[in-house]
Structure formats: structure tokens, C-alpha cells
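J.: Residue numbers (my numbering), protein chains in the order written: chain A, 1 to 362; chain B, 363 to 726; chain C, 727 to 1033; chain D, 1034 to 1369; chain E, 1370 to 1896.
It cannot be assumed that every hint is accurate.
Between beta-carbon pairs, the in silico distance windows are [to be verified]:
1. D:Pro1143 to E:Glu1552: 14 to 22 Å
2. C:Ser784 to E:Glu1828: 53 to 61 Å
3. C:Thr925 to E:Gln1607: 54 to 62 Å
4. A:Arg40 to C:Pro911: 45 to 53 Å
5. E:Gln1607 to C:Leu762: 32 to 40 Å
6. D:Leu1182 to B:Gly402: 26 to 34 Å
7. A:Phe169 to C:Gly836: 31 to 39 Å
Worth flagging that the hints you see were computed from the coordinates, not collected in a lab. Remember, it's a predicted structure, so these values are computed and weren't measured experimentally. C-beta atoms are modelled at their ideal positions from N, C-alpha and C, and glycine is treated no differently.
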Amino acid sequence: MTATTVPAPSAPGAAEPEVPVLRATDVTRHFTVRSAVGARSVVRAVEGATIDLHRGRVVALVGESGSGKTTLARLLAGFYAPTSGEIVLEGVPVRQRRGRVERGYHKDVQLIFQDPFGSLNPLHRVRHNLERPLKLHHGVRGKAELDRRVRELLERVALTPAEQYADKFPHELSGGQRQRVVIARALAVEPKVLLGDEPISMLDVSIRLEMLNLLDRLRTEDGLALLYITHDIASARYLCDDVVVMYAGEMVEGGPKEQVIADPQHPYTRLLVESSPDPGRGARDREALFDADADGLGEPPSLIDPPPGCRFHPRCPFAMDVCRTQAPPRADLGDGRWARCWLHATDPTLPEPAPDPAQENQ
Amino acid sequence: MVAQFVPDTDRSDAGTTSAREAGGDVLHVSGLTVEYVTGGDPVRACADVTFTLRRGEILGVAGESGSGKSTLITALTRLQRPPAVTTAGSIVFHPRDGGPAVDLVTASPKTLRALRWTSLSIVLQSAMDALNPVMRLGAQFADALRTHDRTLSKDDAWARAAELLATVGISGDRARSYPHELSGGMRQRASIALALACGPELVVMDEPTTAVDVVMQRQILAQVLRLRRTLGFAVVFVTHDLSLLLELADRIAIMYAGRIVELGTARELYDDPLHPYTRGLRDSFPPLHAPLTRLTGIPGTPPDLRRPPSGCPFHPRCPRRFEGCDAHLPELVTSGRSDVGGHAVACRLHDPTVRPETTAGGPA
Amino acid sequence: MRTGLLGAGLVRGWKVRVGLSVIGFFVLLALLGPWLTASIPGLDPRANDLTAIGQPPSATHWLGTTQFGQDVLAQTIEGARGSLFVGFLSAVIGTALAILVGLPAGYFGGRTDAWLNFLSNLFIVMPVLPLILIVAGYMQGTGLWVIALIIGFFGWSGGARTIRAQAMSVSNRDFVLAMRTLGEPHHRLLFHEVLPHLTGWIAAMFLSGVIGGVMTEAGLAFLGISDSGAISWGTMIQAAQQQSAVLRGMWWWFVPPGLCIALVATAATLVNFGVDELANPKLRAVRRSVVRRTQGRAAETTVGSDV
Amino acid sequence: MRAVRRWGFLLRRLGFYVAAAAAAIVLNFLLPRLMPGDPSSAIVEELQRVSGQQVPPETLESIRAIFGDPDQNLAQQFVGYLGQLARFDLGVSVVNFPVPVSELVLQALPWTLLLVGTTTVLAFVLGTGLGVIAGWKAGSRLDSVLTPLTAFLSSVPYFWVALLALWVFGFVLGWFPLSGGYDANLAEGFNLPFLASVLHYGALPAATIVFSAFGGWLLGMRNMTVTTVREDYVLLAQAKGLSRGRVILRYAARNAMLPSFTGFAMALGGVIGGALLTETVFSYPGIGYLLFESLNKRDYPMMQGVFLIVTLATLLANLLADSLYVVLDPRIREQG
Amino acid sequence: GGSPSGEGTAGGRDDTMIYGKTDGGTTFVHNYNVVGPAVDKAPNMELIYEPLMRVDYSNGAVVEPWLAESWEFDDAGTMLTVHLRDGVTFSDGEPFTADDAVFSLNLPIEQPEFSIAGVTYEKAEKVDDLTFTVRFAAPSFATVKQFANILLPMVPEHVWRDQDLNTWTNPEPVGTGPFTLAEFKPQQVTLTARDDYWGGELPMSTYKIIPTSADAAKAQLLRGDIDIAQGSWANGEQEYTAKDPEHNLYQLYPNGGAMSAMFNAGKPPFDDVHVRRALAMTVDRTAITTTLQRPGTESGPTGLNATVYADWINPELADPWPVDAEAAKAELADGGWTVEDGALVKDGESYRPTILFNNDWAWGSYADIMINGWRDTLGIEVEPAGQPTAGYYDAMNLGDFDITAASTGGAGVYGVYGFLDSDFVVPVGESATLNQGRWSNAEADEIIAAMESTDDEAELKELGLRMQELVVDEVPFSPLYDNFYFVEINAKRWSGWPTPDDFDHIPFVGMGPDLILTMLDLEPTEG
Ligand SMILES: Nc1ncnc2c1ncn2[C@@H]1O[C@H](COP(=O)(O)OP(=O)(O)OP(=O)(O)O)[C@@H](O)[C@H]1O
Ligand SMILES: Nc1ncnc2c1ncn2[C@@H]1O[C@H](COP(=O)(O)OP(=O)(O)OP(=O)(O)O)[C@@H](O)[C@H]1O
Ligand SMILES: [Mg+2]
Ligand SMILES: [Mg+2]
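Kindly produce the complete structure, drawing on both the sequences and the hints.
T.: Below you can see the structure in the form of C-alpha cells.
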């Protein structure tokens, strides 16, 4: 029980350069899949991903479906071994044996799944779910002690009265309550890092906010480092400090949330932000809001045979020749912002980039 | 049962009504009630639903999971299966060509079959599941086309399928593909093209874009809007994403526990939601650009439709409930303030006959 | 939707109830058989009543007698013991093997799965009855134990396939991953998270195994490859067949044992229906009467408002 | 490209069946060697029984010499065995010395193929047909009668049905002959009376097998149809206003049928087993009876030969089912 | 019936005799390699290939001439001179000579794998065209019956000489018999009568064999689809004969042997004669014959059939033993045995015997009768141990049994008792082909040896009486019920059949010469 004594870190944006709790450097994960024919092909699900999770900070990972968000989360959770790259927990590189990390790793890093019903075994009571981690990681024995700890956990996720919930089966709980149990279970191991893989997308809109507020509380009160994976860039903005955008297995842009959302530097980020519904956008003609040129946008690329160069180039309105051949380097744009786009590359040998598209809308 | 539109009158002077509505309404739904008959208590998944759909209009239906949206859609299209049973109400369809109005609830299977796809088509949530996995796309188009136009040759049907696919940005030679050979977005667009194959007057869409991501969603909806502009069909669009509807729909119906609790234009609902539930729903979507405030959503859980709460079904979760809400079921009435179609709400706060002392503050 | 829960939901349907009752009845018969036949005078499966040879059912011999003056009812009761013994023992062995092969295959996947799956597919495509016949033929004059062992040993493959598929789908469900994230070891995941979800399937498999065992033993006995010292339904039919009971119209000799086999098998099938319906709620047919009643009401109301 | 993929799938399946065939061959080789008993003493005993004469020990020794020395080293034996198989030499029948097993098997095979082949197809067609109807009208009176009834029918042991059929239709009513493959008074040949006789003699065994086998298909198909009917694509087909027949056939039944092909192996195994028993009841001159006889007379080479042929035929039938599946399902999924 | 019975079709039914063969499976195998060690050969090969002699079961199972016209032993009994019948030809027209006989007889000597008839001579040698000699190592008066074995047929040397008998299936058989092969189909074999058969002219031109099952054959007989079949038909008198007593003939011809309980004298407790006697005394033979529905066919204790061996049997020993519990108990007491809790106990050793039987003969129920009897009379619990044919023989040969049910009998008194020779005894666990009961007795050996060295009928009868007494006293086996040749005939087409009351030969298909004699006597009926 160390987390509770740590004071909440300061407001977003003012992070000191401390050591990240969990850091993934240049992590790549390929899956070998066999088609029905038996031919092997490699799915490049995550390529060269780098991410830092700091205490008390929330990083949001947004991107379209199939962009590798879940894979990255599972890499960080120790489910998969990276094909290459390194994951470092509190300065110690993580080792994997036969596809599994040591149990100790799970004590520090916990993953929360998208579907709160699916991630609770319908045959076990809430109590069982909470007692297992207590027994496994803290050697808690004895009924009284277990009871006390279970009650504590339930109260932390605001499932009160705790006694009433402890003996329920998952199907007796609503979606939001289930997700709270899932979070409580993750908290039971007293992790330092919580990875949420779309933890609210299966919940009813009306209760999503409760969950976001709960996560926010855990971050501030317990100083957890949080990775929040989502489709919904608006909720990312609501909860997180930093945003990282993924596209086709690669990270394309990152930085403090307000800046990234208000002023996207990568054309994909821009497309994403523009496509997201925002009732607050103000009065606008519907036809103008939905003016996407469907034929021109094309399809997301195959991860088995990704486009050469920048993976976004086939859909990018600003694609240049160089985009088609060379992968763009990561360009630091100051204020912790960065983008992986030739438009922002500072390589002098390259042609002058087109005017920053992001500026046009401002 | 309050019906603003009484089918009897429509029947009695069908001719004049049709003439009057020719440019106006395509569908009059009134008092529609659907129940799931299971062993125990029936689940009333649609209760007394009444609305009018105008020609060429996009009507959005939003609500939480389990509020009866899909039930409404299948009832509208008469596609519900046991144990769902329509127990009351009427769905009167007014054909564009001025033909006699048809009540879909009582129409014979033959009449219905003739109306299907030529007048009334549907797009389902998951195109992967909605397309027959073992038939080529073209064949699934040809199936529909040739059923309703017996003179069409097979080759012509396939050619038409290719054209239709082209209208949603899929190259025509893809007609020879099987569904699994297309990406998710393409499949969804293909099933929209399929829905438009016979030039329907009304397309109902049950969460057609939940399975695709935002970029693709916008792309698909843009296409729907474009096609609607040229073909002039009306759309009933069901989703739980109110923020999307606010941008997309002309009018929006909010469902709660099988009932329409509020019905108005997108503007009205965004700027001035009358029902506390609508307000809560609207405030459940954090803004993308506006300054962030702490949002709370709607505490509590939706009711069990097997045992709905007495009175207003929302009252257990309602922050503004007052005495009597747990006893009196509010009816959907058009609020005086509204313009054109009428901004209707089913809430005792807005019932002129009921005046709670606590409403002085108005909406927060 | 609680697919994994066997308990209450299962016993609710009439099919399951009828099925379980019939099986229970025969199990009871098998257990109490010796006591029954010993305590009721004249009900000795092996006694020869020389005054009643090949007699049709009568007051003294309710189901008639065999060519050897033996009481068919007594033999049928005794036969339940032999048949169900083979059925249950072979089902236990078959089910155990199926779990042993199917569960790790489905859970671990990868190479483990490839090999185990190959193994079970192999046994699936092999014509098992001829194989059992041959092996039993080699093991000349086998007792019921050996017969049951052989049947069980060759009869697990279908079950293993089911278990594998189910284990695979359960293992990929988030809650297993979630418990893994908590650091649960494999054996706990296998036996506490995955296996309980398969109980329905295992029960169904076990029942199918029982039917399979009873039927196969009957088939083997019919071909003369069983322990004819023991009385089972199969050996009864074989004895009848040997004595041309069919030709001689001694239906009371071969009909009861065959009917018993069919009854047990039907009962097990009915129970399996129940399990299927539990696992796949779509199969739960709506009771027609209910729908019709409601539709009638609907028609009334709509007609009322319409005309 | 798609064609290539389909072929690829088939090739993989073919690979599996080749492996399975290899396993069957090894099993076939090992079984008699792992099991007690040897053909030579069997033959002597049989002779003694049949002739009622004393067979001197020298004869046993000499017969040993003919049927292979059981003390030879296993690897050598296996190589020899493979060599024999390559020449389609399944050894010499003990009971019918010196007639080769292959000759006897080939003589019996057509009858079984005829019987099992036609009954499998018939049972499949009947079962799936009725299954679709029952599944489409799940909960209807038809379904509530047909389904439990079928459950009962498919629970009745094959040979028992055969016995009853023999009794009722053979003895009591005399409509059908009691044994054999055709009328002994007819000359074998490709002529109408002979073929009619083959049909007449095969009708009862075939009916028995169909009777016992179609239930499995029916139940499987019913459940699949019930599940399939609830699929969105069937809903959409109805929404398209297609005629009911078209919806049932092209959408519901067509898709519901697919798992039947993956279940084919298991079903076929049952049918083959049942057919073997049925053949013995009707004394039908097929593989099943041959196996039964070789078991009784402990004709080990014959047992082995029959098993090998039955296995290979089963594998082939499965390969056929797989091919059909590939034609029917463009997705060529791995699992059903 | 709806079955096309095929009147007047191929072959001319009127001129055809049809045999429904029930023990050969559903198909026949085209295999006329008549000397090969095959169990199943082409059906009725004995109508094509004939032996030298025949056994006459109507008359004490003595040996009578067939292809051999006469024969005599030298005084030592080691040299047999055989004179062949003149004028016998093979179906290809070649005459049958001593060369063929010598060739045929020497085949099993030169190639022991074809020694399936249990021959005991050393060599056959030609004397002249119609005479040859057969040499024995020891006096062999008693063994001349081996030349009556149809498994020792006369084959044409000119055809067989150059064949590899390990692979040759003799597709076009040439023999001395009355028929030639016309057509061989797996499901029907058609033989055509020769017009130059030495034994006379047959009344039918065609003989057809069809495979059928025991049950089906019964129906076919009832319908008249077949003329003859064989196998027991429990209650056949009512179910068959009674329906048309004139034409439906169900005949039982005693074959001289019996179904017996054989004791394993090679190990306790049945190495003790008291135990053997006690159990033999308490078998309810009547119950067995009652359920067999063959009343009155209980066997006497000698193992010789009272009808066949009327001239040979000791009349005092002829009657079957009744159940005599008291005597049996006394026997047990004499032997020092007690029965405790179902087990036989002596000297602190306790035994629970089993009874081995062949499942394929559906013998379990008869075993039950015996078991019940022993339990009821002596309190001994005997366990049933059924085995399929193969396992049954295995267990029997290895001595892996306590009591077994086995057929006993043979041609002649020597034939019945010869197997009891202690020469055949091997230890339990080793395979014995004869004397599986492992009974050895010096006196028996002496009698058997004496039988072999004389052909004097009076002396043989004397020896036979001694042997009977010994067997009754020592009980190496205990006969239960008589064995028969069961014949079922539908005499609608052919008349002139022998009857069990009056026969010189048995109309049993498979007993080559007897069948031929029967056929020669038949006449087509009118209509
Ligand atoms: N175990 C696996 N084997 C093979 N391919 C995989 C595996 N897991 C993921 N992939 C592939 O990797 C890619 C990235 O998948 P991932 O689930 O990480 O995306 P995601 O961003 O989480 O998508 P979503 O938003 O739909 O959840 C996809 O193309 C997916 O098909
Ligand atoms: N087959 C059924 N039997 C019984 N109740 C049902 C059945 N199908 C749906 N319901 C109930 O009807 C109600 C409405 O369901 P419906 O599917 O229309 O909701 P929805 O608004 O479409 O929800 P979602 O957003 O989850 O799709 C729910 O309470 C549900 O539990
Ligand atoms: Mg994901
Ligand atoms: Mg829905």
C-alpha cells in the first residue's frame, strides 16, 4: 500500500521530467497468421510504438479500428512479448518467459477490458473476483481480513453498501456496476499502472461519465498511471492529459490533449477530429458537416501488406512523393508535441512542405 | 392512448388524405405497442409510440440500450419475430404515387411483400451479418431487383447491381465478390446500396454505423445524405449516439423504456431539451472543443421493462421529479412554444395542467 | 444469458425432466436389479422354467419367456445393469479422454492444439465401430469391463472436438484473460475459469457417451463379441437372434431389450436438447400457444382500432 | 486467386487425409501384432471344427510358414507390409486360402458402396429436408411432433430396427426377401430383371439404414436452421420481399446446411458402423458381413484388409464432403 | 410372397435342385483348391471331388467302398492295398487311375501345410493302374476311415501336377464327381450334372447353391424357394413339418457323437475323478433337451450314440444318467471335498470352477441350466465363461478352462475315443489340438493302441466295451445330448428322400458320397 501516500501530481501539462512508471520504447508486435491455405503472413499490428506512462497522468490512445491499440495495451500488460523493442517497468526491462511475464509484473500493471460483462466470469461472485488477487499478490488469508479488504475495494469504486454487492453474480449487476467491479479487481493488486482498453465504450452513454469520473479520481487520489484507449476523442479530451494517435499500427502524433485536438498537426489526426461528432460545434449546415468525399478517402490499409513510406499516404490529401517511399521521422514540435509526418519533417534536403493544413481552419 | 393521428379518419377519406399528404407525410405511426411474450410478464418494449414521418426527412431515434429502438424498427418494417408481438397501434404508409394508404399492421403478407424494398427498406447494424455470406453481392442485389421487377433479366440485374455499388463508391466489378472479401466499411456501404436498390420511399437504419469507426462513419453518412438528396427517400435512423444525431437528423425522437419521451428538431433538442432525460443525455457527451466542465451523465440504471416503474418510467432517475411523477404517466404532448412540426415532450414539468412548485428555476 | 450455468435452468424444460426421469429410472433399475430379481419370486434371470418355453407374456411371466424358459422381464432388469455398466464406464473413460485432449488443445492453442487436434480428427475420420470390432475381436472373449474400456478408448474424439471448440471460445473470452492478468496460474485458469463453463457440454457429451456405449455394446453383443455370460440388452437380442426369435415371432424376447436401449438413448437425447437450448438460447422455441394467444389479442385490438 | 485459395484448402485437407491414411496403415499393421492370437492356430482350430478331424502339429508348423513368422523383426515386417500394400496385396485369406484378401474385399465392396452410398445420400436429403421444415417452423405442431419422434427413431439401434423390419416386412408380410443381394434364380448381369432384383433385395436394408440415420441429420439441421433463421441476413432477405421459398432455400437452408458437411465424418462413421450391423442381419453380401465373418473365423488378414479398405473409403468420402463444402462455402472456414 | 421365386427362369427350375447353404456366409469364394487349409472352400466341392471310401452312419459308422472298390491290410496292419473301381473318369474325359490316387494321397505327405485331413500313413505307391499300396509306420487297422474323409479327395494328377498350390485356386475344377462347375457367382453357384458319371445318371441336370442365413433358409424352405438346407430348427416339427407333413421334412440323423461337458483333468479340482463324477451326475440333461426342443435326445454316459452304435454299445451303460444329487454328494465326500460358500474345498484349497462355452453357438443358456443345476444340487457356484468361437478354441487348446462344452464323437468307436490317447496330452498353457481335457490313463492308452492294431470286428467290439466302461467310470468327459445331422427338405419338387427311420445314407449336403447316393435316388415330382 504505497500509492495512497503519494500526493497527487500537479495539474496536467506541468509534468516534471520524472522517470515514467512504464515505458515502451520502439515496441513492435507482429502476428504470424496462417490462412486457410496454410500460407503464412505477418500482421504488423504495432510498429515502433513508444509511449511513457507517468504517475498520476492519463495518456489517451486514440485511433481507428484495427490500428493496434488493443495490441499495444496487451503488450504493455504482458500478454504478448514484443517482437522487438523494450518495455521498461520502473527502470527495469521486462523479461518474458515462454510468452508469459512473471507474476510480479501483473502486480504492477493491470488491464481493464472493454466489455465489463465479458471480463467477469459469470459463474463467480463478485467476492471471488476480488479475493483472488488479494490471495495471489498479497497473501491475504483469513475470512475476516479478506472481507475487510473486499469491502474496502468495493467502497473505493463506490459500490456501496459493499456487503450487498460482494455476493452478487455479475448478471445481477448493471453494466456500470460490473465495470466498477472490474476496476476494483484491478485495484486489488494495487497496481501502479492501469491500462483501460476502451473501458467505457460498451457502457450506456448515460453512465459513461460516471466511469470516466471514477478513473479520474483514481488517478488523482491514488496516483495511478493510466492509459486510456478509446475511439472517442471527445471522451479522451475529457479524461486525459496527453493524447497519442495511432494509425495502422503506427503512432502518428502525440502531445498535450488540448493542443492535439484543437490544432492537429498530422492529416490523420485532423481527419479524426473532424469526423468526430461534436454537438458543440455550433450551427453549421448539415451538408457541410457531412461533406467527406467517400470515394477519395479510400480504405484503411492492410496490416499484412502496409503501404510503403507513410502508411497514411494513400488517403492523405497532402501526400508528396517522399511520403510514398520513406516513412516519416518523428518530428518534435515543442511543448511535448510531436508528429510523424513529412509536412513537419525538418530535414533540409527535402522539398519545402506545403503550408500547414492545420492552420487553415483556425 | 393519445393518438394525434387517428387511422379511422385516414381510412374514411383515404383519397383526400393521400392527396393532402402527397408531398407531406410518408408514415403515420400511432399508438404502436410491441410486446415480447415470454414465459413470465410480457416485456413491453414499445409502448404507445406515435409519430409522423415526413417525406424525405431524417428522423433520428436515440435512446439507451434496451430502450426499444430495435424493436421499434422491426415493428415498423413488420419484420419482428416471435416472441415479439405488435399488440396495438397502426403504421399507416402513404405511397408516393398517391395510391391508397396501407396500414402495415393489418396488411396481408402479400401486400407487405409488394411494399417491401420498393417502398420500405432497411439497413441493419452489422453488414457482415446482414449479407448472406455464401452469396455473391451481385446475386443478393439481383435477388431483390428481380423479385420486384419480374421483367428484369439476370444480366441486367447484375449490371444494375454494379451501378448501385458504384453509387456508394464501390467499383462495380466487386459485385462478383463474396461479403467476406470486402472490408467492414465497404460491406456497410454495400448494404446501404442494397437498401436503395428498388428506390424505396423510406429506409430505416438500425445503428448502421456503430460497427465502423468515426472516419468511416462520417464517410458513409455523407453518402447517405448525398443519395437522399438525389433520391428523396425518408430515413428513420436509430442510434444511441445522440451527438451524431444532433448533427445528422432533421428531427429526433428520444426513447426511454419503450416510449418516446421527447420529439423535436435537432436544434430544439440541443438548445432546449424539455425532458430531463434528454437533457441528461445531451450532457453525457463531452464537447470536443468547448471548455470542459465536469459532467455527470445520468445516475442510476435504465428500468427493467418486465417491471417498469409506476408513473413516469424515468422518475427513479430523474433529478427533477416531483410529487405525482411516480403515479401519473405523462403523455407525449406538443409544447406550445414550438414551431413547425411541434416539439413534443412527455413530462409533467411541461404539462400545463400540472404545476410543480419547484419548477420555477426552469432548466438548469 | 448464462450459458455456463447448469443448475436451475436446465431442469426446467419438460424434455430435460422427462429425459432425466427415464435415465434415473433405468439407473435405479440397474442398481436395484439384483435385489429386485432376488426378492421377487419367479424373477430370476437365469432360472429355467421348463414348463414355459418360449411362452408369450402371461401372468407368471409378464414379458414372456425365452427359448430356455428364462424370464424376459428378469433378464431385461438384469440387462439394464450390464448395458448401463458398459454405457457409464465407457462414457466416463471417453469423457475423461475427451477433456484431457480437448481442454488443453482449446486452451493452449498453437502447437499443442495442432497435435491434439490432429489426433482427435484422426479418430473422428476413422470408422470407429469396425475398429472397436476388430480390437474386441482380437481380445477374444472379453468381459464387459474390457468392452467398456475399448468403447471408451475409441469413442472420445467427437467429444474432444466439442470440448476443444468450446474451451477455445471460453479461453478467448475476456474474463480468462482478465484473470490471467491478475497472475492466475494456468491450472487455475483451466479448472476454475474455463472448465466450469463446459459443464453443460461435458454433461451432454457424457450422456452421448452413455448412449454410445450402450449402443455399441449392444452391437458388439449382437455380433457375438461380448461376454455372453453377462446379461445385457445386447446379449439378450443376440440370444434371441441366435434362436431365430424373429422368424418364430417371439417378439417379446427381442422387443423389450431393444425398446429399453431406444428409451435410454431417447432420454439422453432429450436431455441433450435441453443442454443445447441452454447453450444456444435461439433454439428455445417459443411456445406456440403463447404466441397465438397474443397474436389473437393483437388482431382484435388492431382490428378494433382499424375498422 | 480465390480458386487458388480453395485449392489450397483442399490440399491441406488432402494432406490431413493422407496422414490419416498413413496412421490407419500403421494401426492396421500394429494391431494384429499387439494383440493376442495368431492366424495359424486359428486356422487349425477352425479346420478341426469344420472337419471334425485331428490336425497334426506338422500342419500347424507348415501353416505358420505360409502366414508369416510372428517372430520376425517388426521393422522388417513393416517394410514387407508396405511393399505388399503398394501392390494392393492385402495378403491371403486364412479362411479361403489361397484366395487373396483383395479379391474378396473387392467382391464385397460394391455392395456396401451401393448400400451405404445410396442410404447416406437418401438419409442426408430426407433428414436435411425435414430438418429445414422443422427448424423453419420451430415450435409449430409439426416441429413438436417431428423432433421428439426423430430423437426416438435415431435412438433405436440399427440392428434392432433391421430385425423388426425383417420380421414385419420379410416374414410376416413377405414383401421383401430375407437375405442376399439378389434373386438366386437370376443370372448376374446388367439387365432389367437383375437390377430390379438388386433393388428389391437392397430395399429393406437400405430403408433400415435410412430410417436410423436420417434422424441425426434432421436434428442437426433443425437446430442449425433455427439458429440460422435468426440471422440478420435471413431477416434482410425477408425484408427484401423475397418469396418465402426463396428465403428458406437460398438463405436459411443453404447456410444451415454447411455445418452438416463438417459433421459429415462423424455421421458417416455412425452410418458405416450401422451398415455393418445391418448387413449381418440381412446377410447382405457386403463388407460388413465380410468383416463379421472374418471376425468369427478369426481371419486376421481379412479383418485387416477390410478395416483398411473401410478406412480408406471413409477418408475418401470425407474428402468428397470437404470438396463439396469448399464449393458451397466461399469462406472456407477452418472450423465448423 | 412378393419375391420373384423365379419359376421357369434360367436353368429350368424343374430340372434343378437348389441348396440353400447357411454356413458359408453371404457369398461364396471361387476356390476349388480342395486340399488347401481353407475353412471355407467353394460349396459342394465334394460333388466334384470324391474320396476313396465312405462312412456308413446307418450301420455303426463302418467304412464302405466309394472310388476304392476294396482294400485289405497285411497282417501287421502297416500296409494297405487298395483296389480302385474300374471305369471312373474325370470330367475332362481322362480315366481315374492309381497314379491319380497316389498323387492325391501323397500330397499332404509331401506338403504338410496341405495335410488338413489328419492323415497318418507314410506313403502311397502305385502297384498297377487300378491298385496301389499305402504304408503306415504302425499298425493302423483303425485308421482306414481317413480315406473316407472328403478332405482327402482324389484329384487329377495331370491337372494338379504343375500347379503351385499356395496360390492356385483351381478355377475350373476337374474331378470324378457327378457334377461339373457351370457358373460361379459369389451369390450363386451352378453345377451341371455329368452324363458319364460312374455311379449312374442323376435325375437333375442342374444343382444350384445359394448362400442364405439360417433364418432366411427357413422362410425359403417354407416358401419352397429351396429344396434342401441344413441346420437345427428348434421346434421344427411344429413350425415346419406340421405345416405340410408330406413335403416339409425336418430330419435328424444321429452322427454318433454328442455335445459333452469336458473336464480339464490337467489341473485341480477336475484332476480328481470324484469331482468329475459328481458334476456329471448332477447335470439336468432333460432340461437341456427340453429347451432344445429335442426331447429324448439326452446322451448316455459312454459318448456312443445308442442308435448308431447299437451293435457296439454296452446296453447297461446306454441310458442317460438321471440327476442324482445324493450320489454326487457321496462322490464329493469320497474325494474329501466339501462345498463352502459355493466353492469346492479340499485341503484348505478352494476352487470356483468356470464353464467355458462358445458364444457363437448361443450356448450360454445351456450353461445356465448346468450352472443352476450344480448350484441347486451341490451348492457349487460355477461361473459362466462364454467366448466367441476363436477365443473358445484358444482357451480350450491351452487348457485355460475348468469345464467346457465340446463336441465329441467321430467315425467308429475308435474315432470317438481316439483323442483320449495320452500321447496328445500337453501341459496346461501349451496348445493341444487333441485331448484338451488333458486326461491320461494307462488303460485307455493300451486299449487305443490295441484298436489301432486289429481289424478284427469281434476284438474291436471287446475293446470298445472296455473303453466304454473306462470312460463311464473315469468321466474324462460327460456327454450331454446327442449330436445330429439336421436336414430340412422341401419335397415338393423332388421325392424319394431317405428318412431317419429308414436310411442307407444321410441326405446331408457336405457328406459327399451320401449326398450323391441321395440324389441318385431322387425323382422329380409331377406338377
Ligand atoms: N492475436 C492476433 N493474431 C493475429 N492478428 C491479430 C491478433 N491480434 C490483433 N491482430 C491484428 O492486429 C491488428 C490490430 O488489432 P488491435 O486489436 O490491436 O486493433 P485496435 O486498434 O484495438 O482495434 P479496435 O478499435 O477495433 O479494438 C488488427 O489488424 C488485428 O486483426
Ligand atoms: N427476444 C426477446 N425476448 C424478450 N425480451 C426482449 C427480446 N428482445 C428484446 N427484448 C427486450 O426488449 C427491450 C428492447 O430491446 P431492443 O433491442 O429494442 O433495444 P435497443 O434500444 O435496440 O437496444 P440496443 O441499443 O442495445 O440495441 C429490451 O428490454 C430487451 O430486453
Ligand atoms: Mg481494440
Ligand atoms: Mg438495438
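J.: Starting from the range 54 to 62 Å, see whether the pair Thr925 (chain C) and Gln1607 (chain E) falls in it by beta-carbon distance.
T.: Hint holds: Cβ distance 57 Å, inside 54 to 62 Å.
J.: Does the Cβ-Cβ separation between Arg40 (chain A) and Pro911 (chain C) fall within 45 to 53 Å?
T.: violated, 31 Å
J.: Do the beta carbons of Phe169 (chain A) and Gly836 (chain C) sit within 31 to 39 Å of each other?
T.: 33 Å Cβ-Cβ, so the 31 to 39 Å window holds.
J.: Between the beta carbons of Leu1182 (chain D) and Gly402 (chain B), is the distance compatible with 26 to 34 Å?
T.: holds, 30 Å
J.: Given the hint of 14 to 22 Å, check if Pro1143 (chain D) and Glu1552 (chain E) actually sit that far apart at their C-beta atoms.
T.: The hint (14 to 22 Å, Cβ to Cβ) holds, given that Pro1143 (chain D) and Glu1552 (chain E) are roughly 19 Å apart.
J.: Holds or violated: the 32 to 40 Å window for the beta-carbon distance between Gln1607 (chain E) and Leu762 (chain C)?
T.: holds, 34 Å
J.: Taking the beta carbons of Ser784 (chain C) and Glu1828 (chain E), is their distance inside 53 to 61 Å?
T.: holds, 58 Å
Violated hints amount to a single one, hint 4; each of the other numbered hints is respected by the structure.
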